[in-house]
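Protein chains: 2
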Amino acid sequence: MGRWQPDAAGRLQQAALELYATRGYDATTVAEISERAGLTERTFFRHFADKREVLFRGSEELQRLIVDAVDAAPASARPIEAIAVGLQAASAMFDADRRPHSRKRQAVIDANPELQERELIKLASLAAALADALRRRGVRHLTAELTAQAGIAVFRVAFEHWLRGDSEQSFADLVRDAIAQLRAVVAG
Amino acid sequence: MGRWQPDAAGRLQQAALELYATRGYDATTVAEISERAGLTERTFFRHFADKREVLFRGSEELQRLIVDAVDAAPASARPIEAIAVGLQAASAMFDADRRPHSRKRQAVIDANPELQERELIKLASLAAALADALRRRGVRHLTAELTAQAGIAVFRVAFEHWLRGDSEQSFADLVRDAIAQLRAVVAG
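So the sequence lines, in the order shown, correspond to chains A and B.
Those letters in the first sequence? Residues 1 to 188, by this note's numbering.
Those letters in the second sequence? Residues 1 to 188, by this note's numbering.
One should not assume that every hint holds.
[Stated by the list, open to error] From the structure, some residues in chain A lie toward chain B, with a derived Cβ separation under 7 angstroms:
hint, residue
1, L17
2, A21
3, L120
4, A124
5, S125
6, V139
7, E145
8, L146
9, A153
10, V157
11, Q181
12, R183
13, V185
14, V186
[Claimed, not checked] Reference listing, derived: stretches of chain B covered by chain A, where coverage requires no fewer than 3 residues with Cβ under 8 angstroms from a Cβ of chain A:
hint, stretch
15, 28 to 37
16, 41 to 51
17, 115 to 125
Treat the hints as calculated values from the structure; they're not laboratory data.
As the structure is a computational prediction, the values presented were derived from the model and not from experiment.
Ideal Cβ placement from N, Cα and C applies to all residues, glycine included.
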């Protein structure tokens with residue numbers, strides 16, 4: 001641990017990520033994570049339902065951030081614009097300082113089918129929340145579905161770009177670019 | 001069972017669906033499914049890894065059908081056109097006769113988070129296979145990702161429309177409409 005001591009959940013997450021990255025996800029136990037974080041297993045389970053969830057800390061916050069921004073988008077914004085505003089709000093959680101952590105985390109997820117499943121579920125939850133947010137704006141059922149799913153496609157591509165970090169663009173810029181790219185891809 | 005006796009896997013699937021729909025998915029055992037189908041549990045496990053998989057029989061065939069059609073699309077087809085050709089090939093598996101079965105199946109899935117997870121995994125597998133197929137056509141990595149994800153959004157919406165059955169349109173027509181709708185949704 002460095003000089004700065006994050007909160008218990010943060011310490012557990014950091015410890016888990018280090019162990020998953022070095023020993024592998026399957027070989028790591030909750031007891032080992034807790035010990036490395038200098039906490040008890042009981043504390044672990046007070047914060048996380050299981051060994052998987054520790055990697056998805058922040059996903060609720062991310063979803064709330066995005067959905068709140070969609071809700072706050074001007075009434076005149078078209079559905080895809082409202083989604084863009086929402087996804088761009090995620091920039092607050094994806095700054096360049098966070099990239100090394102995010103990359104390490106993604107490598108662990110990509111190496112483990114169980115974690116990939118959990119990630120899919122989080123994205124499906126985000127898709128459903130986006131569709132609901134669009135319906136609250138008066139968008140019709142299937143249009144809301146389609147726009148939300150398109151938003152998830154945009155989010156995935158923008159996030160993958162951001163993880164690579166091969167440009168200095170902010171996450172918000174990458175979202176804008178991904179939407180432009182989607183537009184070009186589906187153009188008649 | 002009617003007069004027509006389908007193959008073992010088909011009988012198991014039919015029995016499972018009936019039990020899931022009437023007693024609920026959680027309350028149904030493999031033993032009960034096998035008994036209802038007039039088969040043994042051993043036969044069940046020869047065909048399906050678990051109680052979930054029985055509902056996803058045909059998903060491999062569906063994926064193969066779609067990917068083969070993408071591979072066979074004219075070299076001149078743009079990525080989204082190749083995806084459209086692929087998804088339209090799924091029409092062979094989604095005709096009106098199959099709709100009552102598909103509706104019952106979807107109702108069971110929608111009522112059970114564990115089954116929804118499996119469905120997400122099947123869709124993610126299809127997305128990955130579509131992206132690979134596009135890469136084989138020379139499409140760049142992230143464009144292939146984005147187009148494949150857009151294809152999944154189109155597939156979901158076309159399938160939802162088809163399930164509702166509120167029009168006489170074929171699945172292929174619904175795919176074409178969903179792509180047009182996606183184009184309108186993302187238009188600048």
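Just pull the numbers of the violated hints for me, sorted ascending. 1, 2, 5, 6, 15, 16
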